[in-house]
Amino acid sequence: MEAPKIPGDERERLDALFSLELLDSEPEAVFDNLTRLVADVFDIPIVAISLIDESRQWFKSIQGLDVCETGRDISFCGHAIYHKTPLVVENTDADERFRDNPLVTGPPHIVFYAGVPLRYRFNNHQYLLGTLCIIDHKVRTLSEQELKRLQMFAYQVESLIELRLSSQRLEQASKAKSAFMANMTHELRSPIAGVIGMLDILTHSELTATQQRHIELASKSADLLLNIINDILDFSKLEAKKVHIRDDIFNLTKLFEDVFETFSLRSTKTDKNYHLSLDWNKDLVVEGDATRLEQILRNLLSNADKFTQHGHIQVMASLVEQSDNDMTLSCQVIDSGIGINANQINRLFEPFEQIDNSSSKSFGGTGLGLVISKKLCELMGGNITVKSEPGKGSCFCFTIKLKRLKETASTLTKTEVHQQASFTESELDGAHVLIVDDDITNRSVLEFFLTRLNVQFTSAENGVQASQLLTQLDAYNPVQLILMDCQMPVMDGYTTSKQIREGKLGKHCQDIPIIALTANAMKGDDEKCLRAGMTDYMTKPIKLDQLLEKMVYWSTRKHPH
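In full-length UniProt numbering, the protein residues as written are 1 to 561.
In silico DSS-like links for lysine-lysine, alpha-carbon gap of 27 Å or less:
#1 241 with 401
#2 177 with 241
#3 272 with 254
#4 272 with 220
#5 306 with 392
#6 272 with 306
#7 543 with 220
#8 148 with 138
#9 241 with 375
#10 375 with 254
#11 282 with 401
#12 498 with 528
#13 241 with 528
FYI, nobody ran anything at the bench for these hints, they're computed from the structure.
Make a model of the complete structure from these sequences and hints.
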């Protein structure tokens, strides 16, 4: 037996092979379909796409054999890539190189072999990765036309490898883009949180009517900017497949009524009529992602409200499919607005699209709300459809899957009990709160808020300062609660929280509740906070009424171990 020789460019050849990340990859239908086709065309029992690494011949796809690799030293394909030409052996018994090869004398008992090298261009040079080969258990001849046909199939394999690589690069680029967008929106959320917080402080100051109007306009602009940032962040999360549907327990009627009320209250100031129709028991409790359902409903109502100058906006919802455990919610948002041409409807669900330039200028928006809503519906087992006519209005209909619960509306999750717990500001009397945030604006907002509540506070710019303060504060002036920013220089909030929970700052600190305050809003951020030892989690910009609820709730409790 003659073992295949090693090519002179072996090191570079292996670099090219490894760069493709093909070796030991999972089976892929496009390669398997091609080898099946080759087997049919040549009416041959064994077809393989083989790749040659340092010591083995590994099969990306193989038909007719239940193996994934053989040794390189006994491979026929190793000879083909060394000589850089197609190798055809019509009868191994008549070829001294292969007569006593273990693959000839034993399974799979190769008698006929034909292999065409697979080429790949890497760093401006062409290298041979392996072969597309056909194998038979009997003597065969291969005509010149058949060899050309086999070479054409080899070109197809090379094209599939290139296509696979291009797809990987596009996926990596998409992930990089999504990561960049998420990071950028985080950086934008931090300063806008400070702007909104300072404007909130100003609203509680003594202002003239003109100043109050200026503050209202500035707050409206800040909220609009935050909505744009949130849209971009949501889109980035969806593109990166980092949005996962939660299982909340909630009253379906209350969710619809709460969202609808925020829009219908505008009817006193506009020439619009709002109507809500819900076709189910008002006490119905369901399980699903309440936050995402609310987001879809708000997006569609906001869209209807924006494009309807006068007339009506109607929400009609019902349960179209029901079983003992599951149901399909169907909701129509109908308006008498400007409407949409039939040939423009598909563009509604394309990222950053507006139906025309004048629409973009007149109505604004990122063009992401409907895209996000459609993707969220699909994640929840449903979809969105649109019917519209220019000048007569539009009807957006969405469906999602929900789980039915037998409990009544009084059944609440732990989070809902937390949120609905009665509280008074007086419960914070005498409390001492530690604020840890590197942003002076955010610290100022929190300090102003606590001052209004007559709550004592101490502030730190980073985790190191916070650690020093916690070790210095004695039993006569203990900290009952910590408001902790997550991303800070010197030492971040995650590391600081871990040190507190591990008792490195003293046993008196281990049980102090820590509420995380972060500009991050990606999937997994809340879990990361909890793993670090934080007790609760809020996303900036902080809504002070919600922060008050959490502070009251945790001020009388220890961190749950």
